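These protein sequence lines map, in sequence, to chains A, B and C. Read left to right, the first sequence gives residues 1 to 333 (our numbering). Read left to right, the second sequence gives residues 1 to 333 (our numbering). Read left to right, the third sequence gives residues 1 to 333 (our numbering).
FYI, nobody ran anything at the bench for these hints, they're computed from the structure. As the structure is a prediction and not an experimental result, all values here were calculated from the model. Heads up, the beta-carbon is just placed ideally off N, CA and C, and yes, glycines get one too. Where hints are given, some of them may not hold.
Listed next, the in silico DSBU-like pairs over lysine-lysine satisfying Cα-Cα at most 35 Å (straight line) [unchecked claim]:
1. Lys121/B with Lys245/A
2. Lys48/C with Lys19/A
3. Lys48/A with Lys48/C
Some chain A residues judged to face chain B by a derived CB distance under 7 Å, without partners named [what the hints assert, rightly or not]:
4. Glu74
5. Leu78
6. Val303
The chain contents come next:
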Amino acid sequence: MTSLTAQDGADIESQLIGKSVVTLDDLTTDQISLLLRKGNYIEHNMAKVRHACDGRILATLFYEPSTRTRLSFETAMLRLGGHVIGFSNAQNSSVSKGETISDTVRVVSNFADIIAMRHPKEGAALVAAHAADVPVINGGDGGHMHPTQTLADLFTIQARFGRITNLVVGLCGDLMFGRTVHSLIETLCRFGNVHFVLISPDELKTPRYVIDRIEASGTCSYEEVHDLQDAIGKLDVLYMTRVQKERFFNEDDYLRLRDTYILDPAKMKLAKPTMAVLHPLPRVNEISFDVDSDPRAAYFEQVRRGMLMRMALESSLLGDRLPGFDETEEVAA
Amino acid sequence: MTSLTAQDGADIESQLIGKSVVTLDDLTTDQISLLLRKGNYIEHNMAKVRHACDGRILATLFYEPSTRTRLSFETAMLRLGGHVIGFSNAQNSSVSKGETISDTVRVVSNFADIIAMRHPKEGAALVAAHAADVPVINGGDGGHMHPTQTLADLFTIQARFGRITNLVVGLCGDLMFGRTVHSLIETLCRFGNVHFVLISPDELKTPRYVIDRIEASGTCSYEEVHDLQDAIGKLDVLYMTRVQKERFFNEDDYLRLRDTYILDPAKMKLAKPTMAVLHPLPRVNEISFDVDSDPRAAYFEQVRRGMLMRMALESSLLGDRLPGFDETEEVAA
Amino acid sequence: MTSLTAQDGADIESQLIGKSVVTLDDLTTDQISLLLRKGNYIEHNMAKVRHACDGRILATLFYEPSTRTRLSFETAMLRLGGHVIGFSNAQNSSVSKGETISDTVRVVSNFADIIAMRHPKEGAALVAAHAADVPVINGGDGGHMHPTQTLADLFTIQARFGRITNLVVGLCGDLMFGRTVHSLIETLCRFGNVHFVLISPDELKTPRYVIDRIEASGTCSYEEVHDLQDAIGKLDVLYMTRVQKERFFNEDDYLRLRDTYILDPAKMKLAKPTMAVLHPLPRVNEISFDVDSDPRAAYFEQVRRGMLMRMALESSLLGDRLPGFDETEEVAA
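Isolated chain A, as found in the complex (with noise of 0.2 Å):
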């Protein structure tokens, strides 16, 4: 934990006004730091920023469907007092016909104040960044980036644990082409001090890439094993995600490894009474709905705290002051 001074604080929040977000590489830690205690503050200050995006608004231009990811950031701006524009699938929409992303996002520029993205190609959430004349928000895009459902898990560890350091963090299930994990793993890695526990198939391993972000930390580390069971005693934080039965070679191997891979009453008996569940949702069967009571799953909470993670954010890049934030509290980092 550092404190800041007034003027550090100042720089940091002024540095983040009209910035787009398409990874998290786009913020520095202290900016990340910054958005977790904004999303703190805004949990206890509901009250108190609801006129704080007055007359703003929020275009959600979501060129495939992702109601839940779209609601998300429309809440957050209507909990903010602002308003929302936008379309939910382009085939419903006239914009993609014939239209580059740039004229269709320097036309909505004229519309919108911040502008939330989501879209099938890799890329596209950069390119729409560039043409903007407001802030664009990466919602999603392909296989890539989705920086907010990291701030939304990031911000689900702190509000458990009160830091996101000094922890173990179970990942588990398709640790390969699951880009949240990815996202999660190297973010934790630039706050560092994480020990993780990689839990899938091998079929399913973390990439290479991933690893050498791991080791290039300096202060992270990590183990790779292949059952839940054995490890999640050791767990703080267990990130499950989906083993979808396409990613297999044959049928007996799915069937084989399916179980060791959902979360049920029997593996959470074995697991820390502190530890938490994380899920980005939606679960089909990897977390049994029996879990959903135990006070440890906060894969429901994790979604209110992405909405208020993405008022943070969309406050943040509009510079609108929260009333009542003091910026040069201390920094969670």
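Go by the hints and put chains B and C onto chain A.
Relative to chain A, chains B and C alone:
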């Protein structure tokens, strides 16, 4: 008409807070009466109530399109000062992809303060109501219930006659499959003292369980007739429904019967000068356009009253008081 | 320029209240001038007008998608403090199922204070305007009129030159099928004193009825030419449109002509330093992206001015005064 003590009125009101409304059986007759009085109050005090739900968010989760119903729910919340998020068609939404209704509703509970849901499957609204942390209003589930349509019908009758009892209520057309008809009959039976004139071809007669409900009421009576022209003269209320060609075994029967169930100016001449014509809309050809300008045509007014009742219901379930409304005034029942 | 008495100004303004705008012929030139002055006032007084339409609801009934137009209408209402309901595609809506446009619009009149409608069929907006109890603005009906696009065009010309008369206006590309071009010419003819340079291939010449309108104006003149490069030097305004391949009888003609009608930096070098380039968007390749950074490129500014004119129009038809606006100031015509 009965007069309530302040405590009674406050109790009826407070017991609505946080409730879900899947069918009208979820509401007591006192609560329905309170909602009718609120609808009436809102109609005459739109300016006073326009900030009653400031800062609230309604989620409209429409798994099948129903533009009329959705816009009514949304307008109701906006006219109370709240905001709206949601989707209008599950096919443009990602919510249904392998996620249970329970999970979707639990996610949305983190965004919205109240949910209005429409779903093609019977029972979906009940599942949602159990899972949600916020009130759920059923906006129609399959062939099942659609309670706010019935509230619209009741309020229209109340507004035209000052009462919903001691009336002769004709229901005309498809009385077998029309869920709005069944719900209206069942609810009027709870208040009592209505004589129903059930006007339909034999192929589309009122189901036995609905007749049973009339008989069980003790104070209501009914007659079944084939001919609108013969019956119209005795009616206070005429509730029209559509006779769909597909319901008939052969086209000859359909063609023979169709005109019998079309309301036109000639038939209107036989009706009382105070009769009220209701219809749940959309109408196809079962009410001639020439009838629209007749002051007895109440079906567009009914749309407005549906919106007013949704304002009454949404604010009540949220526990948001209507400024100036006195819940101790006499109840119309 | 003429100066109005307070009474004249108030009359022009009051006669707009409750009107529907299906074509620009629904507005007098005084009313168009008033709207241009209001657009200019709004541009410089966004903070003052942001509560002008508090509590109002706009319904956007878009029977075919037109994201750009819909978001412009919606943003306009939100920036005035109002709310928005509606649908963006009739295929996701239930409104069209067997219900007449008249019935739908009468239903929606019970929800909204004003309607913006787009429909694939010519005449749909006129039908809606007759049926509605609230003002209807045509957001495009078939190959027909799109009056708010023309208001955007006029306001952009007005903003660049301080007038919409005494100008040389070039229109380039498809002058046969482009409805925006015809509407702009017809409206400029009502104000008079414009010389039109009609730049198109023979296959896509301006229709005779539009030429007739120029000739009937008395004060306007025109010339028809084939080559943009030859004509560009004399233009104050260059209105670009797309030349669609499908319009040509054979591909050779298309390929031969296409480049003639593409605006690029080389052609811009031949133009006046004050020329304004307009385009209704979306553009495909008829304006090179290199032109975007030229200060004479006015097509993204035109998007913003379209939104401002929709603010002027929506508030005027609703009868909501713009705080601080003086309707007696001189009229630009």
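Ascending list of hint numbers which this structure does not respect: Per hint list: zero violations.
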